[in-house]
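Undergrad: One line per chain: the protein sequences are C and A, in this order. When the count follows our numbering, it moves up by one through the first sequence with no breaks and lands on 430 for the last residue. When the count follows our numbering, it moves up by one through the second sequence with no breaks and lands on 860 for the last residue.
Hints were generated in silico from the structure; no laboratory data involved. A couple of the hints might just be wrong.
[To be verified] Below, a list of computed lysine-lysine pairs in the DSS-like style, where the Cα atoms sit at most 27 Å apart:
1. C:287 <-> A:700
2. A:598 <-> C:287
3. C:270 <-> C:181
4. C:95 <-> C:331
5. C:5 <-> A:761
6. A:807 <-> A:774
7. A:580 <-> C:2
8. C:186 <-> A:450
9. C:336 <-> A:450
10. C:287 <-> A:807
Remember, predicted model here, so these are calculated numbers, not experimental data.
2 protein chains.
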Amino acid sequence: MKKIKIALLGLGNVGRGVWKIINENGEEIRKRSGYDVEIAKILVRDKNKARGVDIPESLLTTNYEEIIQNDEIKIIVELMGGVNPAKEYMLEAMKQKKHVVTANKMVLATEGDELFEAADRFGVMFYYEASVAGGIPIIQGVNESLAANKIEQLYGIVNGTTNYILSKMELENLDFETALKEAQEKGYAEADPTSDVEGYDAAYKLGILSSLAFGAKVNFDQVYREGITKINSTDINFARELGFVIKLLAIAKDEGNELELRVHPTLIPKTHPLANVHDSFNAIFVKGNAVGELMLYGRGAGDLPTGSAVVGDILSVLRNEGNLENYSAVKNNLWKRDIKPISKINRRYYLRITVTDRPGVLGEITTIFGKHNVSMKSIIQRGREKDNATLVIVTHHTNEGDLMNALEQIKELQALESVDNLLRIESFNS
Amino acid sequence: MKKIKIALLGLGNVGRGVWKIINENGEEIRKRSGYDVEIAKILVRDKNKARGVDIPESLLTTNYEEIIQNDEIKIIVELMGGVNPAKEYMLEAMKQKKHVVTANKMVLATEGDELFEAADRFGVMFYYEASVAGGIPIIQGVNESLAANKIEQLYGIVNGTTNYILSKMELENLDFETALKEAQEKGYAEADPTSDVEGYDAAYKLGILSSLAFGAKVNFDQVYREGITKINSTDINFARELGFVIKLLAIAKDEGNELELRVHPTLIPKTHPLANVHDSFNAIFVKGNAVGELMLYGRGAGDLPTGSAVVGDILSVLRNEGNLENYSAVKNNLWKRDIKPISKINRRYYLRITVTDRPGVLGEITTIFGKHNVSMKSIIQRGREKDNATLVIVTHHTNEGDLMNALEQIKELQALESVDNLLRIESFNS
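For reference, chain C alone in the conformation it holds in the complex:
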């Protein structure tokens, strides 16, 4: 039996999951990989903190030098999160010819290039399956299984917190605040939920996935981003009436020279497989020019699901040891791609506005739409309060810039009380 020593950086939720898997599934790992994987050192901030797992104190260290100078340790598993010092530690490990496995989406989405280049320069492997969608093997899926495909489109529910909140709003008619509070009580949302509910987390992951899918360098800040705080029960109910479900989707499309990259709440047909992804589950729906439609569904977070991906990566390193020449690193500089500005996309839209309920208003609105080439598919008029009426308009495919121009003019109408919401619709046909 061959032996391999590894070190963990960080012993939070995922670190404890990795510890459990390596210890509890040791027999599977030994028989399947031919290796005995030993966690030789664990970097922590405080050696005395209670952690609820039985780990010998001698393995813990607060000194990274102890790990980096240990030649017996061949793989560094970075589970600290955040950009610094995670990035410096990984660069240092690569310099010492240690392979690196990470679950850190933030550092990949913001400083990934530097890490990929360092891995290449120092001739080490760099795996990061756990950085996107927890236990779902989407990185290996796109990078290896679908390597013969042109990836045309990719739609992900990659943030469990917002999917939990939207599911609760959809299935139990909770309002946003109540659903968020429940998510926080269950440990799905953090005390400061900004990164999740404003779509930053999903945008990080979309940056990583689309770099891989399109072989192009995609930076996090090129991803158009809207969160779910503007979604309320009224929209969920109108969407249902129109045959849709609202999901926070991370969307990437290859439009030839340009890529569309955006994260926003989206109306999707309730019959689509993504519409049935509930609670904190994640799913990624991919269209490839050979494989057709493919969806991977599973747990996007949690100690053991994320740990499963981390240990899977460790086994990938072992499998490719001695095969660096052909090792399938990320290849994100194969093609040069521009990003399409959001004003240039062409979609269907859901618009909810409140107007004074008097004759002729609808005519004024349709005239403005007509002038801007916006064609309406359906209108619901509802929910009169005092003298006001709610209008929900669904458009045909429309250029977003045209729609925004029309909306500017509608805002100037005397009868307009408020523009309540504007959401994109995805029908998965183009």
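Mind docking chain A on chain C? Use the hints.
TA: For chain A alone, coordinates are given in the frame of chain C:
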């Protein structure tokens, strides 16, 4: 750019798909793999047959010796189907130190051991992603991504033909014969549909998947098998009323020393992700002790989806070239497992019978069930014709042997007109 020459055995549907992908996605393949993949020879039965793809005649040959004796050809891609001569051709290729990629479920499920041993003995790689569920990367998923898991349960919709038929029966209220005819007209079902509708095809695939998932040698004939010909609209409608959908599931469970392996029509809750897999789509739902619940969904057949998996395998060979020591071959002899007889399984059941509608019948039936420890969860009485009534009984968890004994006694009741159907229910909890 490195160059690699390969040969295809067979130029049917999948063969043409592989040809198209390698030619149309050549740039992706070259950039991602670093290899220029050239199809150097194609074995066909008849060089003059029209095939609807533009392939130089010089590549076609009817003589396998021409391929096997060509030292420049490094990978043999077997797409002939059937056991003979596919097996002999693959063994011969391995003997000549050529790597082998196959899409052939039948030869793997029935003669796989011999092929795996030969690949091992001759030191070549052997990949077969396309043999199960077409373009869905379930083989690599189980074998690599989930390698750190104990796989506990696996449920597959792995036969597109029967899923198409059942979907049509479910969603359009067609009867079995009409739905089958439609599947045949669409090219989803063959003129002789036995292999699909009787569950043989699904049983082949379950044998392959469970060998991999449980690291145990599983032969096709150890899989308990029932087809869908006994399903009719009456059962579909009763199932719907009870909150279920009927799917042909391939089920494998690790019950400690014993494995449960079975293919049969199954009632599943309509809220389960597998219940929303419609038409000819496939999906595989896996429970691992680390990753939790995972589902992979996509096209289980067709020239390009299956070709996507085949070309993915070719790229896996290229990635692992020079790394045979660590190459992740199937490891199906790691653990010794017995198969649980179907009479020993413990499930919930759906039973539909017709009885003479007179007082006391239900009492007689419940008495017999009670004597055999079968506990009923619900009963529907319906559909009186002349003096007869239909009874639909849903049981609590019950030993199948006990239920069969009870049924034998029920068959002897004077009031029993017919036992119309008996189906297993899966609730995915245990």
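Undergrad: Taken at face value, is the distance from the CA of residue 287 of chain C to the CA of residue 598 of chain A at most 27 Å?
TA: Given pair residue 598 of chain A, residue 287 of chain C holds - Cα atoms ~24 Å apart, limit 27 Å.
Undergrad: Does the alpha-carbon distance linking residue 807 of chain A and residue 774 of chain A stay inside the 27 Å limit?
TA: Answer holds: residue 807 of chain A to residue 774 of chain A is near 20 Å, not above 27 Å.
Undergrad: Can the restraint linking residue 186 of chain C and residue 450 of chain A be considered satisfied, given a maximum Cα separation of 27 Å?
TA: 50 Å, violated
Undergrad: Taken at face value, is the distance from the CA of residue 807 of chain A to the CA of residue 287 of chain C at most 27 Å?
TA: Given that 27 Å is the threshold and the Cα spacing comes to 43 Å, the pair is violated.
Undergrad: For residue 95 of chain C and residue 331 of chain C, compute the direct alpha-carbon distance and say whether it is at most 27 Å.
TA: Answer holds: residue 95 of chain C to residue 331 of chain C is near 20 Å, not above 27 Å.
Undergrad: Taken at face value, is the distance from the CA of residue 2 of chain C to the CA of residue 580 of chain A at most 27 Å?
TA: 21 Å, holds
Undergrad: Starting from residue 336 of chain C, check that the Cα of residue 450 of chain A is at most 27 Å away, please.
TA: Roughly 25 Å between the alpha carbons, so the hint for residue 336 of chain C and residue 450 of chain A holds.
Undergrad: Would the pair residue 270 of chain C and residue 181 of chain C pass a check requiring their Cα atoms to be no farther apart than 27 Å?
TA: This hinted pair holds, its Cα atoms lying about 26 Å apart.
Undergrad: Given the hint that residue 5 of chain C pairs with residue 761 of chain A, does the C-alpha gap stay at or below 27 Å?
TA: 24 Å, holds
Undergrad: Next pair to validate is residue 287 of chain C with residue 700 of chain A; report whether the Cα-Cα distance is within 27 Å.
TA: Judged against 27 Å, a Cα distance of about 26 Å means the pair holds.
Hints 8 and 10 from the earlier list are contradicted by this structure; the remaining hints agree with it.
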